[in-house]
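Undergrad: Could you build the full structure based on these sequences and the hints that come with them?
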Amino acid sequence: MRTTFVQSMAWLHSWAGLIVSWVLFAIFLGGTLACFDKELDYWMRPALHQLAPRPISMDAAAATLRGMAPHAETLYLRPPSARDPSIHGFVFEPGKPYIDVALNPRDGKLLPATVGGNFFFVLHYNLQAGTLGVYLVGLAGMLMLLALISGVIIHRRVFKDFFVFRPQAGGQRAWLDGHNLTGVLGLPFHLMIAYTGVIIMMSSYMSAGVQIGYHGDLASYYSALSGAPPTVAQHQPPAHLASLDPILRDAVQRLGGPVQSLEIERIHDASTTVTALSAGNNQVAGGQRSLVYDGIYGRFKGEDSAPPTAYRTYQFLSGLHRVQFGGTAIRWLYFLLGTAGCVMLATAVQVWIEKRSRQAEAAGLRSGYGLVRALNIAVITGMPLASVALLWTNRLLPDDLVGRASIEAQSFCAIWLFAAIWTVLRLRRGKPWRELFGMTAALLLALPLMNAVTEPHSSLPASIVDHDWVLASIDATAFALGIGFAWLAWLSTRPRRRAKRNARVDPLKSSPSKADRPLEEST
Amino acid sequence: MTMWLILLTLNYLSWALLCLAVARHHRQHFGVEASPRRVHLLRLGGWLTTLFAWVISVRWRGWDIGSVDWCASWMLAAIAWVLLQPYRPRFARWLAFVGAAASVFALIFYPSPTLF
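So the sequences go chain by chain: P and S. In terms of this note's numbering, the numbers along the first sequence are unbroken and rise by one, the last being 523. In terms of this note's numbering, the numbers along the second sequence are unbroken and rise by one, the last being 116.
Think of the hints as simulated: they come from the structure by calculation, not from any bench. Among the clues, some could well be false.
[Stated by the list, open to error] Computed spacing ranges between beta-carbons, pair by pair:
| hint | chain 1 | residue 1 | chain 2 | residue 2 | range |
| --- | --- | --- | --- | --- | --- |
| 1 | S | Leu41 | P | Phe418 | 56 to 64 Å |
| 2 | S | Arg27 | P | Trp11 | 34 to 42 Å |
| 3 | S | Glu33 | P | Ser203 | 51 to 59 Å |
| 4 | P | Pro238 | S | Arg59 | 43 to 51 Å |
| 5 | S | Leu41 | P | Arg156 | 25 to 33 Å |
[To be verified] Here are some chain S residues the structure puts well away from chain P; computed CB gaps all over 10 Å:
| hint | residue |
| --- | --- |
| 6 | Ser35 |
| 7 | Phe91 |
| 8 | Phe109 |
[Claimed, not checked] Computed footprint of chain P on chain S; a stretch qualifies when at least three of its residues, placed anywhere within it, have a C-beta under 8 Å from a C-beta of chain P:
| hint | region |
| --- | --- |
| 9 | 60-73 |
| 10 | 79-87 |
Every value quoted in this text rests on a predicted model; they were computed, and no experiment measured them. Beta carbons: idealized from backbone N, C-alpha and C, even for Gly.
TA: In C-alpha cells form, the structure reads like this:
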C-alpha cells in the first residue's frame, strides 16, 4: 500500500511517542517538581527552619568536607542563598562515589540526611540510574523532538482549531482536544525544553566533536571552556589555608551580587587557589565572572577571562532549561508549563488507547493493549503518589536513622511499585484511576496537618507567622494540588458511564463478545 | 498588582481578541457573523496587546529574561483562555477585559511593579 508523507508521520508520532511516553512523563513530572528543588530541599530539612540568618561559617563547612574526603584535590562549596540557607559541599574524586552534602551554615556540621528536593532533579536527568539513565533520558528527549515535529505535521488544522476545546464531546475527541490544546499552545515551551535538555548533555550524547577537536582529551576540553590560565604546582604543602569567609564577603562586594560557588583547588599544594563564581541570576545564561583568590593568604589575584562566545551560547541554552534566573515568578510559570506538558503526555497515551478501544476490547486485558492500559495508570497515577509519599516519609523517619536518605529513595520506589501492583490487581474489576488519584489527593490534603504534627515549628500557621513564605507556600500548594487530584479522581469515574451509554446505542457493540464486555469496561 | 499578573492578564486579553476574530468562535460567542472590519480590528488589537506586553516585560527585566517572562505567560494565558472558554464563555470574556483594565490601571499608578 502506498503511504503518504502525512500517514508515515502519523505512524512515527504514535509509535515514537508511545514507547517513550511513560519515561517522558516521569522526566516531565520530575522536572516540574525540580523547578522548586531548593525550596523542597529546605522543606525537607526542618533543622534549617529556625536558624537566625547570620553569621555563616564557610570555614567550618570546608573543615567538615575535608574530613569526609581527606585526599580530594578540589572542594566545592555553595554558600547560603535566598532560596536555600544551608551550605552545600561537593567533592568529585575519580573512582569514588561523589559527595553532595548539606551542612549547617552556623557550625558546618552535617544536617540529618535526606534525598531532598535534589531527588527530583536527579530523577529528571538520569532517572536515578547513573550514566545509563543519562543516555535513556537523552534518547527520550530526542524522540520527543521527533514526536513534536511529526505532531505538528499531522495536525493539519493547527491554526483553524487553534482555540478549539470540546470537553463535552466525550471519548477520543475530548482526549485529542486536550492533547492538542496542551501540545499546540505549549509548543514553544515543549520544543525549547526538549531541545535544550538534549543540548545540556551534548558532550555525552555527541562526543565526536570533543574526540576530534581535543583528541579525546576531556580535561583539556573543560579547561578550554573555563577560561582559567594553567597554574604551576609547587610540590610542597601549603603553610596554612586562607579563611573562606572574608573571601566570600569580598567576592560578593566585587561582583555586586551573590556568589554561586567557591571552588578550592589543589588544596594539598602551595599553589592552592580559591575561585568564586558569580551566580548571575539576573541573566538567562547565568554567571560568567569568576574571581580568583590566593589560597594561603586570601589575596585577590584577578578575574578569569570571560568564557568564549560559543560556550556562552551553550550557557544561554542550558540556562533557559535550568531556569535559575529571574526569581520565583518565572519558576512558577515553568512549573505551570511543565504541568501542561504532563497533561499533554497523559492525554497522549489515553488518545492512543481510545483510538484502539475496539481492538483493545476484542483482545482483552492479557494483550499489548492491556499492558498499555496498565502502564498508563501505573505511571500517571503512580508517580504523583510516590512523590507525595516521599515528603511523608521524610517527616516520619527519625532524624538519626542510619541510611536515612536511601530509605527515603527506596520508599519512593516501593510506593510506586505498590501503585503498579494495585493497578494490575484492580484493572479488571476496580477503578484504579480513581483509587490511586484518590490516595494521592488524601496524602496531599493531609500533608499540612502531618507537617504540623511532626514539626510544630514548621507548620503552615507557624510559617505564616514567621513570614517564611517558602515553607508556607509548599504546604499551601500541596493542599491546592490535593484539591486538584480529588477533582481528577471524581472526574475519572465519568468516562466509564459514557462508555456504557455508547455501548447501548452503538449497534456494532451487540456482537457475540458481549459476554466479555463487563470485564473489559472496568477501566 | 504584580508583574506576572500584569503579563498574564494582558496576554489573556490578546488571546481573547485573536480568538474572537475567528469566524467560528465569534459565532459561538455572539451568535452573529463578524463584519470584516470588526475581524480586522480584533486581530489588530490582539497583536498590539501582546506586543505591548512584550515591550513592558523587556523594559522591566532586560531583553533576555523579559522575553522568557513574556513567552511563558503568553502560552499560559492561551491555555487559560481555551480552557475557560467552553465552560464559562461570558466569564472568560469578562475576565479578559476586567483583568486587562486592572493591569492598565496598575501600570499607570504603580509604574514599577514588584515581582510578586
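Undergrad: With reference to the structure, classify each hint as holding or not holding.
TA: Verification of the supplied hints:
| no. | hint | verdict |
| --- | --- | --- |
| 1 | S/Leu41 <-> P/Phe418: 56 to 64 Å | 58 Å, holds |
| 2 | S/Arg27 <-> P/Trp11: 34 to 42 Å | 36 Å, holds |
| 3 | S/Glu33 <-> P/Ser203: 51 to 59 Å | 57 Å, holds |
| 4 | P/Pro238 <-> S/Arg59: 43 to 51 Å | 50 Å, holds |
| 5 | S/Leu41 <-> P/Arg156: 25 to 33 Å | 29 Å, holds |
| 6 | Ser35 | 20 Å, holds |
| 7 | Phe91 | 15 Å, holds |
| 8 | Phe109 | 21 Å, holds |
| 9 | 60-73 | holds (count 9) |
| 10 | 79-87 | holds (count 7) |
Taken one by one, the earlier hints all hold for this structure without exception.
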